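Engineer: Read off the chains here:
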Amino acid sequence: MNEGLAADLRSVMSADRVRTNATELGLYRRDASNIEGSAGVVCFPLTTTEVQAAVRTAQRHGVAFVARGAGTGLAGGATPLDHALVIATTKMNRVLSVDAVNRMAWVEPGVLNLDLTRQVSHLGLHFAPDPSSQQSCSIGGNVANNSGGPHCLSDGVTASHVLGLEVVLSDGSVVQFGGEEPEEEGLDLRGAFVGSEGMFGIATKVLVRLTQNAPTVKTMLMDFASVEAGAQTVSAIIAAGMVPAALEMMDQLCVQAVEAYIHAGLPLEAAAVLLVEVAGLAAGVEADAERIVEIGLAHDAGTVRIAKDEAERALLWKGRKTAFGAIARIKPNYYLHDTVVPRRMLPEVLRQVYEIAERHQLLVMNVFHAGDGNLHPLLVFDKREPGVMERVHAAGEEIVRASVAAGGVLSGEHGIGMEKRDFMPMMFAPADLAAQAAMRRGFDPTGLANPYKVLPSAGACGDVQHVPDGAWV
Amino acid sequence: MGVIDLDAFAAEVGAEGPVTIAGLGSRGGAVPGVRTVYAPSGVEWVQPDEMIVCCGAGTPVDELVAVLAEHRQTVALPPGGTVGGALSVGLADVRRLGYGPVRDVLLQARYVSAVGEVVKAGGPTVKNVSGFDLCRLLVGSRGALGFLGEVLLRTRPIAQCSQWFQREASELFEVFSQLHRPVSVLWDGSCAWALLEGHPDDVHAQARGASLSAVDGPPPLPSGSRRSVAPASIVTMQGEFVAEVGVGTVHHAEPWTPPTRSLRVLELARALQHEFDPLGRLNPGIDV
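Quick note, the sequences are listed as chains P and W, same order. Following numbering that gives the first Met the number 0, the numbering of the first sequence begins with 0 at its first residue and continues without gaps. Following numbering that gives the first Met the number 0, the numbering of the second sequence begins with 0 at its first residue and continues without gaps.
The set of hints was computed from the structure by calculation and includes no laboratory data. Certain hints may be false.
[To be verified] If you want a taste of the chain W side facing chain P, the calculated C-beta under 7 Å gives, among others: (1) 48; (2) 116; (3) 130; (4) 231; (5) 235; (6) 238; (7) 246.
[Stated by the list, open to error] Cβ-Cβ distance ranges computed for the label pairs, FRET-style: (8) W/180 x P/48: 58 to 64 Å; (9) P/95 x W/269: 43 to 49 Å; (10) W/48 x P/134: 43 to 49 Å.
Since the model is a prediction, treat every value here as computed from it, not as a measurement. Beta carbons: idealized from backbone N, C-alpha and C, even for Gly.
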């Protein structure tokens, strides 16, 4: 707790929105990851001016500040360290304006992802990025993490759907990057800001692009006797020149967990299930769906189930989106990983994932964005079991190494945060990391905007370091 | 070993003295009177099932497009000039509405920094949030942060059917709102053009529904200025122009002065430029 900082904050915003009691600070010491830090003060601004005042107050006290949306991040990006000030944007949750004709909207960062889509659905529009946490994650968090989701295969991740930003920089100045005008002069600061994990400043307004709903949607489920056959089907669909709206895969253990939870009639005997969604205009959707079924059958798909109505479609998607809830029925704890590999490497990397889990005596389930090569190995365990956390972390690191070695990347949508900060040298040489550090210095020369995230500390190269003091995984 | 020798390119750029980079000179060219280097050229590899291509930044866009066409794919870069030039200027052609901006094309870049080092930005997969998005900063940076050497680009399938259409339209948004994800909609104040792609039956059904007739291509674009305006304000545009509906780029016959950015934004951009090139040796005089 930091009483001096709290007192100054109470002079710039209503006192009841500056919180310092131990219970509340405890709630904000972590995000949805397992990484804990410590919050000094938590404040809830309502306006850009209040965010600006909070940042200036933090600067005056020389205290780091961490922007926080709904706290659904999985990489520790919103975990405050060393009693930092948490600036929670959850109460800035208004949709400010919607241009239905040109399909864009100005929103505040605390607007929840799915709420935005709900508020524009009567216009035949939606916000395309749809992370599995979309019911509870905020647009501000989506911007900070450059979030993805199953439908990003055809429509792209958050960076492609953010046209402009109002940002409070670390010195308290308020700037606009990008905007309704499509071609801003000079550097694309908007693009650089998206995915900067709160380290370049705090977004206080976001101009999002809205996407037309597809008139025709076809959702189908195919099952396979091997994970390889499912993965090869994915590659073959893309190679045939089609980009389905979504291409999601679940392995057997995951299907079994989900089926026990939602009773959707999923095939329990299959080694892998592929959920494919084709969206667009009627003739194109029909033609693509037909070819996709042909490709599936050519790869020995067992059964092909095509959702006959919206209710069945919703049920199939519910299976995909509630996978993590379903897993709680098997073991009380899970650790969700997030890496990307080239599609053609999916079978090989999945084989390694199973092998790694087995070697560490862990249960692994795979539910992932196969079309993007975006793996989500889910290690399930009971943390009361002695020594299990060490095995979980060792297996996790091996999975990340295997993905990068296969020509992949550290993270597809969860971000780096603290979780993978020390893995950055697996993918980037010192000169590459120096360039990213230069970006950070350019945006935040004070270094007080969410420090100790993303960038491994200077001097670290080649191997993994430990997380900083005050944090534990 | 492929066609791209980045070490040789880095050695040419060197670590001292002003240096400029040239492509084919189609987008304004190099800084005059300064030692000139050229980025490596050639397509290193194409992976159609990953929808990515790797090439030298000096590769002509048209050459890259021809190579990709063999795989029934293309890339959302404006035609002409080099790949590096298209990325460094960062301006899309009239298909931006459907194909997206140039900044969404670059997945990974290896560029030569101001100290003559090869630096990697981004990663080799379409989905990637590993670290800060340096690729987005490089697109449109006109060589001021580093000289692009080798790039990995996202490709897209070539549509089965692609056709331009036209109709008279004094009220532009009527046409626009009737179409599902058109690739381009242009308007000159009295006439609208639309580029539709997809399954032939869908393309023609859409055109019929919006009373559009097939034409050979888009209208000639006036070249007095390229303006960037809020797309909602296109309706009030005066004079001789062709506007990109839903985007806000306006090709106008008359010259135009773009609005200046706020001082704080300019200061931030210059701070970034200074971080990457403190001595201002790369493309000297370019203000980001």
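Engineer: Please flag the earlier hints that this structure goes against, numbers listed from lowest up.
Structural biologist: Structure breaks hints 5, 6, 8, 9 and 10.
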